[in-house]
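Fit chain U to the given chain Z structure using the hints.
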Amino acid sequence: MRVILIDDEPLARSVVIEYLQNWPEIEIVQECNDGFEGVKAIAQYNPDLIFLDIQMPKINGFEMLELIEQPPSVIFTTAFDEYAIKAFEEHAVDYLLKPFTRERFDKAVQKWMDQQQRSEPKQNTKELLENLQSSSPKNDRIVVKTGNKIKIIPVTDILFLAADDDYVKIHTPEGSFLKNKTMAYFEKMLGEDNFVRVHRSYIVRINEITRIDPYEKDSHLAILKSGEKVPVSKTGYPKLRQVLGL
Amino acid sequence: MLRQQVSTEQTSEPVLSKSKLTLIVVQCIVACMISQSAILLWFGFSAQTSFIDSSVSISLLAIACYLIGNNLQYYRPEKNGYLLMLLYCSILASLWLVVNNWTLDKLILNDPHYSEFLYNSLPIRFFIGLLMIGLMAMVSVVWYTQLDQKETEKRKLEAETLARDAELYNLRQQLQPHFLFNSLNSITALIGSRPEEARKMIHQLSDFLRGTLKKEDQQPVSLIDELEHLQLYLDIEKVRFGHRLSTEISYNEACKAKKLPPMLLQPIVENAIKFGLYDTTGVVTISIFGECVENELHITVQNPYDPDTTRPKHGTGFGLSGVKRRLHLLFGRTDLLETTSYSHIFTTIVKIPQV
Numbered sequence: 001m002r003v004i005l006i007d008d009e010p011l012a013r014s015v016v017i018e019y020l021q022n023w024p025e026i027e028i029v030q031e032c033n034d035g036f037e038g039v040k041a042i043a044q045y046n047p048d049l050i051f052l053d054i055q056m057p058k059i060n061g062f063e064m065l066e067l068i069e070q071p072p073s074v075i076f077t078t079a080f081d082e083y084a085i086k087a088f089e090e091h092a093v094d095y096l097l098k099p100f101t102r103e104r105f106d107k108a109v110q111k112w113m114d115q116q117q118r119s120e121p122k123q124n125t126k127e128l129l130e131n132l133q134s135s136s137p138k139n140d141r142i143v144v145k146t147g148n149k150i151k152i153i154p155v156t157d158i159l160f161l162a163a164d165d166d167y168v169k170i171h172t173p174e175g176s177f178l179k180n181k182t183m184a185y186f187e188k189m190l191g192e193d194n195f196v197r198v199h200r201s202y203i204v205r206i207n208e209i210t211r212i213d214p215y216e217k218d219s220h221l222a223i224l225k226s227g228e229k230v231p232v233s234k235t236g237y238p239k240l241r242q243v244l245g246l
Numbered sequence: 001m002l003r004q005q006v007s008t009e010q011t012s013e014p015v016l017s018k019s020k021l022t023l024i025v026v027q028c029i030v031a032c033m034i035s036q037s038a039i040l041l042w043f044g045f046s047a048q049t050s051f052i053d054s055s056v057s058i059s060l061l062a063i064a065c066y067l068i069g070n071n072l073q074y075y076r077p078e079k080n081g082y083l084l085m086l087l088y089c090s091i092l093a094s095l096w097l098v099v100n101n102w103t104l105d106k107l108i109l110n111d112p113h114y115s116e117f118l119y120n121s122l123p124i125r126f127f128i129g130l131l132m133i134g135l136m137a138m139v140s141v142v143w144y145t146q147l148d149q150k151e152t153e154k155r156k157l158e159a160e161t162l163a164r165d166a167e168l169y170n171l172r173q174q175l176q177p178h179f180l181f182n183s184l185n186s187i188t189a190l191i192g193s194r195p196e197e198a199r200k201m202i203h204q205l206s207d208f209l210r211g212t213l214k215k216e217d218q219q220p221v222s223l224i225d226e227l228e229h230l231q232l233y234l235d236i237e238k239v240r241f242g243h244r245l246s247t248e249i250s251y252n253e254a255c256k257a258k259k260l261p262p263m264l265l266q267p268i269v270e271n272a273i274k275f276g277l278y279d280t281t282g283v284v285t286i287s288i289f290g291e292c293v294e295n296e297l298h299i300t301v302q303n304p305y306d307p308d309t310t311r312p313k314h315g316t317g318f319g320l321s322g323v324k325r326r327l328h329l330l331f332g333r334t335d336l337l338e339t340t341s342y343s344h345i346f347t348t349i350v351k352i353p354q355v
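So the protein sequences, as listed, match chains Z and U.
Throughout the first sequence, residue numbering follows the UniProt record's numbering, covering 1 to 246 in sequence.
Throughout the second sequence, residue numbering follows the UniProt record's numbering, covering 1 to 355 in sequence.
In isolation and in its complexed conformation, chain U is listed as follows:
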């Protein structure tokens, strides 16, 4: 645990700090300006002309470099997209050249020797520009790819840690002490008066616990299996709260074999029970509905709640953040869990992309 945290910190540390990077960029720009001025002076131009030429061209080039660097932050070429990159760099270099030429032409008028020089130096300027822009592109690609890799690594590490924590938490939760002891207490009550029902409840409880233990291995389960498991859970709750609890489980026949991660719905249904049964005093209907939408399996869980005593927190609401987090780690998406509350009904929709 400790070691993992340390390594997480190490990987999240950027190679260069932002201020250091800015300093390097400014130094580069100044160095380029000085060398270009020096070359122009060598060619015999006045200090003023050399200065204007170098400042304008290097500033414009810096802008072009910034543009390509910025672009690459959001778009990186695919494996075979490097020709396209080269083309893009050439276009950018040409654009730079045109703008640069036009600006310098306008700024430095009184030197016919310079105009001629400007024209003659076009190919050289183009290649230097292309070289710089290309270099910038290359550095950016390497830089951002590295950042990306770090991000992925970090996520992976986090996922592993979370999985381990979840495992520990699950071990405890699987037993669900409240649920288990209350169920046993119900059985105690039934044994005297209605032994047949007591026996039935023992069987339901055993089946449920067995099912929970089987789900240890994290293999995806089919919708129909998961719903059967939930039905067991709800049946036991019905014995306890029979007078107040009713359930509706339904699904489209077409999606009964669709897969979902194990134990994903359990916390959602527990949540529904918790806020349904413990937040209202009347009769409570919990409904679960499974359907296929495009390439996703959608499962809707509804429960009544009392808006006066509990209000869903913003975002995920009602402590479903664990489920959301798990979905994010599994599918890399944050839009897979939706909750809405409308006129005393709380609705949770889980979307599971089918691979």
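Isolated chain Z, as found in the complex:
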């Protein structure tokens, strides 16, 4: 069985390596210093299990998981993360609070092994992420994958969002990016202070709107500073009027 260790502290990885010596059936195929390396290594080796730290350079452990289509089983290794612990308890294979003992480590690995043998469905990592997002404090950035590159979009750069099948297209001055999330998720994440959902399929930054033109029956068009036009629905129009103080 193949595992990947993702932790930015070499010493922290060395503890896991040492403890894994008790498990000859497990092979460490790669060690990663950060989430970027992690994404690459997971795509390359398709491991059965990863040991994942949360606080890491550039993108944290959760953000890394979001970028992976079919995340492997995860055992979190973290020092301290108040809000996350509850979610771990419910959805992760296990979580290890650093520093952890060999016994505790073995128990976590054994738990995973048992699950594998009973061929239980993989722990629902996607569900874990949803759960984390609902309990985590408001995020100020969005991590997306464009081709082979990972792009970090500060929320302050977002002009507007448009639904696009199962994805949401995030429009920024640097272009647009797709993210596999729902409009409801973004509506909640972005809050109501700077953004308004003007349409079932559109969320707009309030400050970007320069003009509102009538358009067909019952609907309007919001004209943005960038010149783009965003449809405003019958239900979206009163909301927009309200936030603009009209």
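Hints in this document: simulated from the structure, not taken from any laboratory.
In the BS3-like style, the derived pairs of lysine-lysine whose C-alpha atoms are separated by at most 30 Å in a straight line are:
#1 Z:Lys151 with U:Lys274
#2 Z:Lys151 with U:Lys238
#3 U:Lys238 with Z:Lys40
#4 Z:Lys40 with U:Lys274
#5 Z:Lys149 with U:Lys274
#6 U:Lys274 with Z:Lys145
#7 U:Lys274 with Z:Lys188
#8 Z:Lys181 with U:Lys274
Same frame as chain Z, but now just chain U:
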């Protein structure tokens, strides 16, 4: 906590609301005009003359009063400056008198009896003017001093509340759970393979924690002590991130005994570590430099950052507002924390006035 908030509200409440004040001022002006008109009518002048005289003189006087009131908002006499105040009021009263006389002379021509009266009444007018302006000055001084006192009181109260909150926050932060648990984890890793290093790290960690606890009492510490403390912190971080972290600490020999508030640099350095180590993936150099500039101790902290993923917010940038706030409360200045970001290097400069 609750009681404090209530009392803060009470003290910030102005004695009179703005609209009420305006109403009172207008009433006063009208009352003065009416009484002056009445006096002039008594002296046997026509209604028109009485009206013009009273409106012009009272309006001009009101302007003079406004001027002095406005001046006192920004400048208040020192303890022994009241003679100077009196002089200022006299000058203003004379000016008023000259302008008033000139205007009335031009406006009311067809009454020789009035011209004579105007000339004769000059001393009386002067004293009434001086009295009014002086009164206005006195009221203004009392008014603005009171406002000032309230402001100071409010600031003091706020400082106390903040200090209490900070204390609670510090208690939690001093332990720095992330730092502590990760360090302990590093020690676990070292114990098996490199016990000597593990022992050394335990000592560093103990020294650091002891130092942090000692700083409870808020007494100013010397630059050299503070830098030694930070060095401990950075040394521990180096064990954890040895492969990526390097530090440079330097200072001018002359300012090593200069004082600074305890735990002031810690959040700045933590910040530098956070944005240095967690925002970039390469090798990171954090540098700290202390120097004396005139009567201030300047400490510069630099760290690399990635402008693409994090952008400093306007103003203080990178969540240093707590430090800025503390400096404001300690020294009453808002210009003591400067941050600049230039070509992937974020620089924080703290200035500590030396008393």
